[in-house]
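*Asks:* Residues per chain are reported as follows:
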Amino acid sequence: MTAPPTAGRASRSDTNGPSATGSSTRRARRTDPAGPALVLPFALLFALFLLWPLAAGLWTSFTDRSLVGTAPSFTGLDNWAEMAADPMVWRSLWTTLLFTLLTTPPLVAVALLMAVLTQRAVRVGWFLRFSFFSPFLLPVAVVSLIWVWIYQPGFGMLNGALTGMGLPEVNWLGDEGTVLLSIAVTTVWWTVGFNYLLYLAALQGIPSQVYEAASLDGAGPWQRFRAITLPLLNRTTAIVVLLQMVASLKLFDQAYLMTNGSGGPGYAARPIIGYIFDTGFTNLRIGYSSAISYLFFAVIIAVSALQFWLFTRKENTA
Amino acid sequence: MSAPTQAAPAAAPRTAAPAPDAPRRRWRVSPTGAAATVSAVVLALLWLLPLVWAVLTSLKPEAETTAVPIRWLPVEPTIEAYRLVIARGDIQQWLINSTVISVLVTALTLVLCAMAAYAFSRTEFRGRNALLLLFIAGIMVPPQVLIVPLFDQMRLLGMVDTYWGVALPQVVAPVMIFILKRFFDAIPRDYLEAAHLDGAGHLRVLTSVVLPMSGPILAAVGIFTFVQAWNNFLWPFVATTDPALMTVPVGLGTVQGAYGIQYAQQMAAAVLGAAPLIAVFMVFQRQIVRGVTDAGLK
Amino acid sequence: MNVDPPHPPPPGIGRRSLLAGGLAAAGLALSGCGSTTAAATGAPVPIRQWNLFTGGDGARMVEMHERFAAEHPEYDLRPTTYLWGNPYYTKFAMGAAGGRSFDIGTLHLSRVKGMGAGTLIDPVPREVLAEFGITEETVRPALWDKATVDGELYAIPLDTHLVVTYYNREVCEQAGVLEPDGTLVRTTGVDDLFDLLSAVKDVTGQYGIVMDTTGAWRQFWSLYRQLGGEMELEGELGIDDDKALQSLDFLRRVSQEGLAPESSDAPGTPARFQNGIAGLMLAGNWELPTMQDAGMDFGMRPFPGVFGDELGQGDSHVFVLPHRREPDEEAVRASVAYAAWMLKNSIVWAGGGHTPAYLPVAESEDYTALEPQAEYRAAADDVQLDPDAWFSGSAAALMAEANSVMAGVHNGSSTPEETLAAFKRAVQKLIDTPPPV
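Taken in order, these protein sequences are the chains called A, W and E.
According to the numbering used here, the first sequence is numbered sequentially starting from 1.
According to the numbering used here, the second sequence is numbered sequentially starting from 1.
According to the numbering used here, the third sequence is numbered sequentially starting from 1.
Be aware that one or more of the hints could be misleading.
[To be verified] A few chain W residues that face chain A, going by a derived Cβ cut-off under 8 Å, partial list only: (1) S39; (2) W47; (3) Y118; (4) R126; (5) A130; (6) S208; (7) L211; (8) P212; (9) G253; (10) G257; (11) M267; (12) V289.
These are computed hints drawn from the structure, not numbers from a lab.
Remember, it's a predicted structure, so these values are computed and weren't measured experimentally.
A virtual CB, placed ideally from N, CA and C, is assigned to each residue, including glycine.
Hey, can you work out the whole structure from these sequences and the hints?
*Replies:* What follows is the structure, encoded as structure tokens:
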């Protein structure tokens, strides 16, 4: 099989011997008491910390529940109607989408570039993996502290470099036009290492004979990349794009920290989760913020479903 | 990368996987290889620049950090900023909290998910498929959707500002069950049947046959969970307000110095907060790369 | 620190122990592991204090805390500073909702109602406060009244702070606008003030005065109150359009006639005053230490009487007791003792420009002799607090909305009429939002 490992992994359980279900049913057809017992602890936590808040959140979205804990009353669809007419909801949703559009292409392309370079480079693999991946291991607060310092007007590294080249300073995080872009750049630096590792694994799954055969045909490095590597990486790219888009839609941490919780000038860097947070915990309106949470949930589901559809369609035509 | 993982259960379960990229190294240096090496190293240095800048800043006296035009190297290097940060004691407390919570989350995830994965893989019971489907659906729920109701619920349960309140919701990662189940599914049933014939119950089979054969995948799930728990921000940020219970990302992100912003100290705190995982990565790079890749490809 | 980390169950443990662990977790959580009975052991009583002070105020608070700790070994004071504004208020609300993370917190008096007096904030036991020497008679009456909600006292006021005028003595001397004793001449009315500003502008060559145009609410409310304007924030927004327009028009003129910058943000404003771009500044009294540290020769006086008395918008820093899941009299007592000590020693705090709320300090010779505090302290008696609503007060929604629409009159991008209309729309939306308290 020449497919990258992701393909191998996904199909493994289907190809590797008789299915597990088959084997255990053959052994004991009756209900096995050990099964429920083993699932129970996880199922309890699942019910307690996923199903419960999920249901409670939906219910809360129909009430005027407040963080200060006065008795909530049922308000029907009021929150949902308010949400539909609230420009800040749509503004923050747009900010989230814009961020996703800004970050996904570089996070895929740079990761691929890094992986290909690492694959081709000689004797520095450890160093490359270290420098490309280690930012991913930094806590977000560390990333934010470092980059706020880098973006600092006056004595930050970036503006220092700009003025050193005779260019004017940019108030990266203080200007409505650049704040989201600055956060996007930080995000690429911080998280590209994860996609890089996925690509690296995929590249290493391509047998070298494939390249050698192509070399004999006289294909140059670029042709080999275009004709062999890229197509073989299709599946990985699809997975990376899918994971990346969902991850970018969940923007909150670095946007919150790098704007000191303000959402940036003119709220230009407040994503939908930021608005959920502000509504629920700063403005104390748990009910309304639950309704917005569900809107966000719907967006995530819609994007995932769309991707799943595109993904499976591509698979079928390939 | 995944080839050794696949082979592991069938072949030698306890041995470490072979180095992933060792056999593919080219010995002769081609011109493109040299060009790739040079550009890769340049890119890597560029990527390290922010970290280097943070470390350099942390070694400057406070007055030097805001000098204009900026100086790259400290003129009078000092570890004063580190001394002050450590004397405050917060960062040590947060490192302890991060460790406790990450270990708690990782241990619980491994134990509970392995048990559930085994049950789904090797036992038959009523409602099994429905439950499996429910857990699959659970993967689709982003934790961010739940923060507001979950905080409300924690308040009801009296678990705001407790270790358990921070840790338990992070254990609910059904995707880990599927990763483990896929692995358990691939274990040839002969092994298990032999054990069952010897009279071992499911718990025995799980602990003495299945788990020992699953070292690599358990390591992958464990490493991935640990890194995620260590760096998780949103939920710990919501669930803890007491600085004595905060994790590194939350503490560094919220608690301010009373004297205002002091860049050298901020960078020193950032370096201290980043150091443990970076140090571990330097030592166990191969294992971590594998763990993240294997568990990351959900 | 005061919580024993629960030990994770070792891997491979059975289901029963796990469940037991879970129950222990619930038990641990329910028993409120944060509270320790220190009295029984004789250990110092912990006081977990939260505040939003950095910079000059932060340094003064640290100085006071060091003295408190030295004088009171029976307490273990643990202060934590969060970022001023929403990050602090958000943590405050969440911490109080959780009910165990801190014992006493600072707050703006204007936010006490909006932060849930009676729900997130517990009343202060007056008898305990009196034991430590703080009674109604010893605190500035306007503040005590505002801290009292439905008959219960919810806050212990530490200070008053407000918008005042700073003047560069050197520049003003050259402009000939100083009294013989070296203080700024008092102006009455718009023309009088504008004449003075023109004279100062001639000296600086750039501007007469600078004010934070991204935080115009403070100036607006000062002017509007000088005109006697009232604002009703319930049902239909009650606002006096004429008075609001007059106030906004003042802000427009001062910038559009070149007497003040069209745009100056919060950090840029003191910087412009400090480096002589403007000879006067309208800003909060808390900028005082910055100017002193810069070694400037400057004086301060109340907000100019543009439309009447020299009234200035302001607020008050207070101590409040967050709601607790489980009553802990000892912790409340310790917290009240701490707050009382801070009030009695607020002469240190006054060095930061704030006017003490505790009358014995405010009337003491130590305080009345403080310069330049003496020049404006009278204004603190009549500080103009924000109108009452759950969304009003320092860093709250009303101020944020006002600041965002009013910046336009300074830079000429909107007329006073347009600004007023936008302000009314935004405020009406806030009024129509279901109140969370």
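*Asks:* Double-check M267 (chain W) for me: the hint is only fine if its C-beta lies closer than 8 Å to a C-beta in chain A.
*Replies:* For M267 (chain W), the interface hint holds, since the closest Cβ of chain A sits about 7 Å away, which is under 8 Å.
*Asks:* With a cut-off of 8 Å, does the beta carbon of Y118 (chain W) approach a beta carbon of chain A closely enough for the hint to hold?
*Replies:* 6 Å, holds
*Asks:* Once the shortest beta carbon distance from S39 (chain W) to chain A is found, is it less than 8 Å?
*Replies:* 6 Å, holds
*Asks:* Holds or violated: the hint that G257 (chain W) contacts chain A, with Cβ atoms closer than 8 Å.
*Replies:* Hint violated; G257 (chain W) Cβ to chain A Cβ min 12 Å, cut 8 Å.
*Asks:* With chain A as the partner, please determine if S208 (chain W) meets the hint condition of a C-beta pair closer than 8 Å.
*Replies:* 15 Å, violated
*Asks:* Should the interface hint for R126 (chain W) be scored as holding, given a Cβ-Cβ cut-off of 8 Å against chain A?
*Replies:* 5 Å, holds
*Asks:* Is the hint on G253 (chain W) kept, meaning its closest Cβ partner in chain A is under 8 Å away?
*Replies:* 4 Å, holds
*Asks:* Hint V289 (chain W) vs chain A: min CB-CB distance below 8 Å?
*Replies:* With a minimum Cβ separation of about 6 Å from chain A (threshold 8 Å), the hint on V289 (chain W) holds.
*Asks:* Given a cut of 8 Å on the nearest C-beta pair, is the interface hint for A130 (chain W) held or broken against chain A?
*Replies:* 11 Å, violated
*Asks:* Going by Cβ atoms only, is W47 (chain W) closer than 8 Å to chain A?
*Replies:* 5 Å, holds
*Asks:* Can we keep the P212 (chain W) interface hint, with Cβ of chain A closer than 8 Å?
*Replies:* 17 Å, violated
*Asks:* Does the closest beta carbon of chain A sit nearer than 8 Å to the beta carbon of L211 (chain W)?
*Replies:* At 13 Å from the nearest chain A Cβ, L211 (chain W) fails the 8 Å test, so the hint is violated.
Consistency note: the structure conflicts with the earlier hints numbered 5, 6, 7, 8, 10.
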